[in-house]
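Number of protein chains: 4
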Amino acid sequence: MSKEPIFDVAQLAHVEIYSPKPDETLWFFKELLGMEETTRQGQSVYLRAYEDFYHHTLKITEAKEPGMGHVAWRASSETALERRVQALDASGYGQKWIDGDLGHGAAYQFVTPDGHQMEILWDVEYYQAPEEKKSQLLSRPQKKPLRGVPVRRLDHVNLLASDVTENRSFLMDQLGFRLRENIVMNNQSEAAAWLSVSPLVHELAFMGDQLGGRGRLHHLCYWYGYPQHLSDIADIFTENGIKIEAGPGKHGVSQAYFLYVVEPGGNRVELFGDAGYLIFDPAWQPVTWKEEQLEKGIIWYGSPLPAEFFMYGTPVIEPAKV
Amino acid sequence: MSKEPIFDVAQLAHVEIYSPKPDETLWFFKELLGMEETTRQGQSVYLRAYEDFYHHTLKITEAKEPGMGHVAWRASSETALERRVQALDASGYGQKWIDGDLGHGAAYQFVTPDGHQMEILWDVEYYQAPEEKKSQLLSRPQKKPLRGVPVRRLDHVNLLASDVTENRSFLMDQLGFRLRENIVMNNQSEAAAWLSVSPLVHELAFMGDQLGGRGRLHHLCYWYGYPQHLSDIADIFTENGIKIEAGPGKHGVSQAYFLYVVEPGGNRVELFGDAGYLIFDPAWQPVTWKEEQLEKGIIWYGSPLPAEFFMYGTPVIEPAKV
Amino acid sequence: MSKEPIFDVAQLAHVEIYSPKPDETLWFFKELLGMEETTRQGQSVYLRAYEDFYHHTLKITEAKEPGMGHVAWRASSETALERRVQALDASGYGQKWIDGDLGHGAAYQFVTPDGHQMEILWDVEYYQAPEEKKSQLLSRPQKKPLRGVPVRRLDHVNLLASDVTENRSFLMDQLGFRLRENIVMNNQSEAAAWLSVSPLVHELAFMGDQLGGRGRLHHLCYWYGYPQHLSDIADIFTENGIKIEAGPGKHGVSQAYFLYVVEPGGNRVELFGDAGYLIFDPAWQPVTWKEEQLEKGIIWYGSPLPAEFFMYGTPVIEPAKV
Amino acid sequence: MSKEPIFDVAQLAHVEIYSPKPDETLWFFKELLGMEETTRQGQSVYLRAYEDFYHHTLKITEAKEPGMGHVAWRASSETALERRVQALDASGYGQKWIDGDLGHGAAYQFVTPDGHQMEILWDVEYYQAPEEKKSQLLSRPQKKPLRGVPVRRLDHVNLLASDVTENRSFLMDQLGFRLRENIVMNNQSEAAAWLSVSPLVHELAFMGDQLGGRGRLHHLCYWYGYPQHLSDIADIFTENGIKIEAGPGKHGVSQAYFLYVVEPGGNRVELFGDAGYLIFDPAWQPVTWKEEQLEKGIIWYGSPLPAEFFMYGTPVIEPAKV
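Chains as they are written, first to last, in our numbering: chain A, 1 to 322; chain B, 323 to 644; chain C, 645 to 966; chain D, 967 to 1288.
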């Protein structure tokens, strides 16, 4: 008899990033990626893509260094939230309930074994478009903006971890994430893992931190869905002095059509340019890429990844001198 | 306290259609849509798209008239299957267990209130590519074919029903489908409903049968994900004498970028040309299109739907003489 | 011995349209189509697309009624200009030299037999981007704008004519246009003709004016080159209340991937969404569509043309009552 | 008074390449690029893309080594041909008239200063599709094939030269090519030049042969026009073991969206994935990329070029040992 899966986490709700250059970071997300500012409070600005349904999916907080503030997950129901809080509490990685933030109610904070700050919540505030932004496309929370090349929705986060297996197992055991793909080296170490709670290949990935850091952000990713929009935004990035780290190109892993840039505050951002593939098989066997299969796994076709892709994360750590 | 959802059905597994011209129907699916033949048995041929993971997603059975044989759903687990069989049995619409078919094990048969034949199953046979068709893209069950404009996977079925509300409620109550979008006319009748068990807007839709039929097929849909491929296949259809009924165009409902054709056997087939939008919100409130909003709901932009779109289904019924 | 062709006209230089709602017309071209305003003078505003090299390609002049002011052609050389002026003068359709306008020097005015106002010129002013708009893409006269879905360059004009053959012959004989495609009805009348001086299928088309008008504009066309941008601008048009007359769809004639809208001032505008095909054959035999081939000629696939497409032009004429 | 340009050469007519593996080379062009075989004779096979109008645009001839047989240009008229033959004859690089080949009549042979074999001709044989391949799209010489990802037409050739300036000047002076773009290094040497006789940025490019060779082929290029098709063929290449040298990516020079591969016989082939930009300005000033602007000129965005791109050509020369 197959084991019953856990369906208690529904989705990635929002991500908070830190920026030492909040004005430039805002310009990047608003003018180039066409995101919408919901509100500001304290040192933080709250943004959403035009097809994001909630109050925000991105919180940009001014800070001395770039990095990730926290990742928030939405539970599948109130009961599901309670179950997960119990599990997290028992795991030793649970922290405490907070009253919430702009855009959502009570949230339970916890950390990954590596120390990435996370929270899980149920109550969310839905974005309500003012009259002039209401779309006749009823499933679209607002009209498509006329600025830049507008991203559609938050897609995933990719985190660096000192121990991939420990961190991904924690999320699988405590939150019900499923392992979709991973990379296993010849020495049997797990170099990276892609996890999801939905048919997406991942809402979350862990990659081994080659600089020995803990709890760092590799990138967050917004979604276009259309390949042409990666060409369009790549053009806009080049015109506007934003260095493209890699892409457009197609990963074998996750089949993502990718583009990576570093926003002016220093955090890496991925833009996702197609639908990828979706996993509906309830008995999915993880796709494991062995070391000798990795070349095609990293790049199926297109722009190769530079060495810094495997090193750079935020907060920034200087590679040890050789 | 929000009610706990049912997660017992994982996906649309396969569809059987009837064709009075099986050779021509096969040519359509194999040479134009690039599908792969797995095997033949009796009067049936079993096919899959190159990114379909199981033995088949389409069974074409020779018959006097076009129409739908059955729709098969895969449960989320063995236990989930048992729960659903109990519910179906209790509903009065359950029928019986069958030993299975090529490509899958035991399946429980049932009908919708309208009489559409369905089954639910757990055991499936995975497609194993022969050596020369194995892809180095490990999440792809076989190499992309070199014939036609190859579709990637089965997406959904759309069924005509004498009573939309009754049929969609049955699937929501007995199988856990969620209502994603619907059309409600000024007289409060529900003209159509889009349902899913996953973040897809629908694996199944019901539309009112305006000719008074019961249990008919409106269309089945295969997925490309890329808009250009709708242009490519539209070109190929025109070159090869396949009449395009409508499209390419964009529905407001479901945000699908669509193309509709009638395959040589008489069944309508949709090709889906982009990623659409995905629903991750666990508390999703159905999008309801009122009669006065319907124009944009049916066509957001692009090719309009002809009158026959709202009438024609298989098996074919002649419209009553006026 | 084959006759030597005339190479004296190089390109479509600019078009002037009249608008009774100049503010709304400007909003359409600047905010939705991302065009750039070069300057204003009197009742006119001068605009260009971001890949147009000259001072302007569109002059919008306030007027009581929509319609076309004039079409300007650039000669291949000063000598070529002189030859064409002599020919036009001898044809009886030449008018007079003018000193020029903003953006260009002396121009020779003439009319088509139908009375469309045209001019031919040599001296042009090149657009010089201010420092902050200079692109590092040296063949691009300025950075790609961040507004709307920016068109790339002026493509062609389509004119209604009381006698297609007379008007197209005039341009072939006097200016060296080549006939690329035409439509010939069963009664041998020429219903439409597509003409060019370059490998483009047309910089100019004539269609028979079914309302009996003379000298009217059917549409002017700006070019995207990429199919996705037609979907993008169609979405933007629907969001912003601009009625799409037809498209996206693919003409058989000219192989254009088209979208037609009426700008707020009343003039029809086409957006061209792919590269079309180019004619390099110096002995090109015109492609003639007969009446029975016309269905595929008008629509190869996609959105059909409504009846008004064949009637509406500017200035507007009311169809005679039946 | 501006000088009158020469309009005597109309287009690139065809290219002959040598292959030591003719069967594999044929498989590449027919099964992957969807080209059509017109005929075979001796050690040669004649092919065309489905939108090529003449008998062939590619002649593949079996030989010990890969390389280019010859490049053929079509004149604008018989008289134009005579003028060019006189000029070539006077230049000292003219050779002799030949009776022709399959698919064309008399041709005049000549060489570039570097020794690339070329010919110029007027009489061509048009491809006539058999009944089952006739398309209802009258400007398309045959139906779009159902094999691979079919290229549409021959676009250009790129030749390595020991002296770029000498070779491009020869073609400008004797045949009327216009210089569209070039690269000039800090030491004033011209590293590369792009030339055309039409609004295309180039039908011919010369790049300095860094290995000191003479008369070698860098690549020939077939055209798709649609960006998605570069992704499609890149996928097919990876699936079928064809190494992608670079791309998809966007050159600044020529604005080409490119993909480079080496066909099994050893010759480099480019696939061109969009419309690029077209030059209609009759007084076009060449775009000159200086050494410090070159990075963006080579790659505007996307896949970088490997070192071998600047070395490898056919026939193959081994780089001198350091």
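Note that these hints are calculated values from the structure, not bench results. Among the clues, some could well be false.
As the list claims (entries may be wrong) - So, partial list: chain C residues that the calculated Cβ filter (under 10 Å) puts toward chain D:
| hint | residue |
| --- | --- |
| 1 | V729 |
| 2 | V768 |
| 3 | E847 |
| 4 | V931 |
Said to hold, decoys possible - Computed spacing ranges between beta-carbons, pair by pair:
| hint | chain 1 | residue 1 | chain 2 | residue 2 | range |
| --- | --- | --- | --- | --- | --- |
| 5 | D | Q1007 | C | Q929 | 24 to 30 Å |
| 6 | B | M507 | D | Q1102 | 39 to 45 Å |
| 7 | C | K777 | D | E1261 | 19 to 25 Å |
| 8 | C | E775 | D | Q1102 | 51 to 57 Å |
| 9 | A | D89 | B | G427 | 49 to 55 Å |
| 10 | C | M955 | B | M507 | 32 to 38 Å |
| 11 | C | K708 | D | E1098 | 55 to 61 Å |
If you're wondering where the values come from, they're calculated on a predicted model, not measured in any experiment. For each residue, glycine too, the CB sits at the ideal point set by N, CA and C.
Item checked: Proposed interface contact between V768/C and chain D, which counts if any beta carbon pair is under 10 Å -> holds (8 Å)
Margin query: Hint V729/C vs chain D: min CB-CB distance below 10 Å?
Written below: violated (15 Å)
Notebook entry, point to check: Regarding K708/C and E1098/D, is the given constraint of 55 to 61 Å on their beta-carbon distance met?
Noted result: holds (57 Å)
Item checked: Consistency of beta-carbon spacing, Q929/C to Q1007/D, with hint 24 to 30 Å -> holds (27 Å)
Check: Does the CB of E847/C sit less than 10 Å away from some CB of chain D?
Finding: holds (9 Å)
Check: Taking the beta carbons of E775/C and Q1102/D, is their distance inside 51 to 57 Å?
Finding: holds (53 Å)
Next item on the list: Could you see if the CB distance from M955/C to M507/B stays within 32 to 38 Å?
Entry: holds (34 Å)
Next item on the list: Would you check whether V931/C satisfies its interface hint, that is, whether its CB is within less than 10 Å of any CB in chain D?
Entry: OK, holds: V931/C within 10 Å of chain D, min 5 Å.
Next item on the list: Using the beta carbons of K777/C and E1261/D, state whether their distance is inside 19 to 25 Å or not.
Entry: For E1261/D against K777/C, whose Cβ atoms are near 21 Å apart, the range 19 to 25 Å holds.
Note to self: Verify the CB-CB distance for D89/A and G427/B against the hinted window 49 to 55 Å.
What the structure shows: Distance hint for D89/A, G427/B is violated at roughly 41 Å.
Next item on the list: Using the beta carbons of M507/B and Q1102/D, state whether their distance is inside 39 to 45 Å or not.
Entry: holds (41 Å)
Against the hints set out earlier in the document, violations occur for numbers 1 and 9.
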